[in-house]
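Taken in sequence, the protein lines are chains E and G.
For the first sequence, position 169 matches number 169 in this note's numbering, and the numbering has no gaps at all.
For the second sequence, position 73 matches number 73 in this note's numbering, and the numbering has no gaps at all.
It is possible that part of the hints are untrue.
[Claimed, not checked] If you want a taste of the chain G side facing chain E, the calculated C-beta under 8 Å gives, among others:
id : residue
1  : V7
2  : V13
3  : V14
4  : S17
5  : D23
6  : T49
7  : K51
8  : A56
9  : I58
10 : G59
11 : M60
12 : H83
If you're looking for bench data, these hints aren't it; they were derived computationally from the structure.
Cβ coordinates follow ideal geometry from the N, Cα and C atoms, glycine included.
Chain by chain, the residues:
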Amino acid sequence: MADPIAEAGTEDTAAILVVDDLQSSRLLIGSILQAAGFNNLTFAADGVEALEILERRVVDMVILDIVMPRKDGIQVCREARERLALAMPILIQTGLQDADHRATAFDAGASDIVSKPIHAHELVSRTRLHLERRRMIDSLQGYRRRMQDELKAAEAMQVSLLKSEREVAAIVGPRKARLTTFYKASNQLGGDLWQVFEIDATRFGIFMVDLSGHGVAAAINAFRVHMLAEDQVDYRSTPGAWLTSLNVGLCQILPVEHFATAFYGVVDIAGGCIQYAAAGAPPPLVLEKTGGWQALDHCGVILGCSEAACYETHSVPIAPGDRVFFYSDALYENFDEPEKSLEPADLVAHVRAVLETEAGPGFHEALVQRVFDSEAATRRDDLTLLLLEVAGDG
Amino acid sequence: MDYRSDVRDGRLVVSISGMLTFDDHEAFRRVVSEIADCQEAAVELSLATTKMIDSAGIGMLLLAKDKAAKSGKFLCLSGVKGHVAKVVELSKIDQLIPVE
């Protein structure tokens, strides 16, 4: 890559295309640029030839005459921008001084104008200025692309922590339940995570956690929580003790302003109940087969702030045909219009309405479409949805 | 968010208005340094005009509490109502930071 601050006389390998129908002009511009250290020059004698070159090879900058046979400079400029979608600087040289004429050049996509007769110092200064600007834009775009690639890779890693449909079915199916899941990362990474654990022949655990904030820090914290939760095998069948112990671990690793909200439930269908503990996570909704519903008590000190925090184990009965819906705060929080944030009763109505037509794997997508007005709205924060269905009598 | 601070009855009162979310990290840093640098032994963070708070906003309150404690000051929240009250109730912030 060329040195971005090449001084006069030093070599600059930027590829410059000089387009002028007069050979004397091409020679003049060429010699001025060469004297200034630009020695990767290409020449074209008219617009058609110029476009052929632009289609064929990478050019860093174009110095373009307006009045030429076959195709004029304005047309070349327009085609380079529109048809070929090229973004390099185009410097138009013109002897015409009127403002309308110059405006036409800018409208066609010119980056700048130099007056004829060519003034050597002005031409070199403007050439340097535009090349430098272009290099800065390229470097910023490159940086941005790299960042986006990194974020995508991180998002993929985060998704890979989540159990596959088949793994979930292998745990949940033999224990008389069905669990469908949905996860969509926010556009800047986030800290949602869910896990399902085998406990014994009849019970399994469901853990849902949301790390505060979003971005890289929240994603890294989600990884740490994942590790802690996987390793913490003790107390898995007693949710209060499990969450209390997890909290101590998190207090040690999370910085002071970071914390997590979480829900951990032990599903015991044979025993007819879910035992659970919560730490400020949105309340899971139990939709009873008989038509009633309830939001589970979800208050609890957020995780990772106080080692003294203690979490109680609660219990809720479940019967065949009941459903339990778990969700992250992104589903109901409306930051633009807080008063329009959804309440549990609103969510129950939405879930029931969707279940009328989409009880299968399409449930989550259908619910998201029903609740959010736009694709963009779903990307503000991580969105996690889990629907647990207790197998019916038959 | 916007904030203003006054000293009332020997106590630094910082009023936070608008939304306290992830985007306010930089702005809230000034609040935190004001708390760390003030002469008063007690600080009241008034949320009476805070319209909405997200998880990052809660994190900022915890940070303010931590900075206050580290500089030997008492910090409490006040004016908790509406959406903010719901969030405080849900996450039991009152067990971490006193609420008046």
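We went through each hint and held it up to the structure:
no.	hint	verdict
1	V7	violated, 26 Å
2	V13	violated, 22 Å
3	V14	violated, 17 Å
4	S17	violated, 14 Å
5	D23	violated, 10 Å
6	T49	violated, 13 Å
7	K51	holds, 6 Å
8	A56	holds, 4 Å
9	I58	holds, 7 Å
10	G59	holds, 4 Å
11	M60	holds, 6 Å
12	H83	holds, 5 Å
Hint check: violations occur at hints 1, 2, 3, 4, 5, 6; the rest are consistent with the structure.
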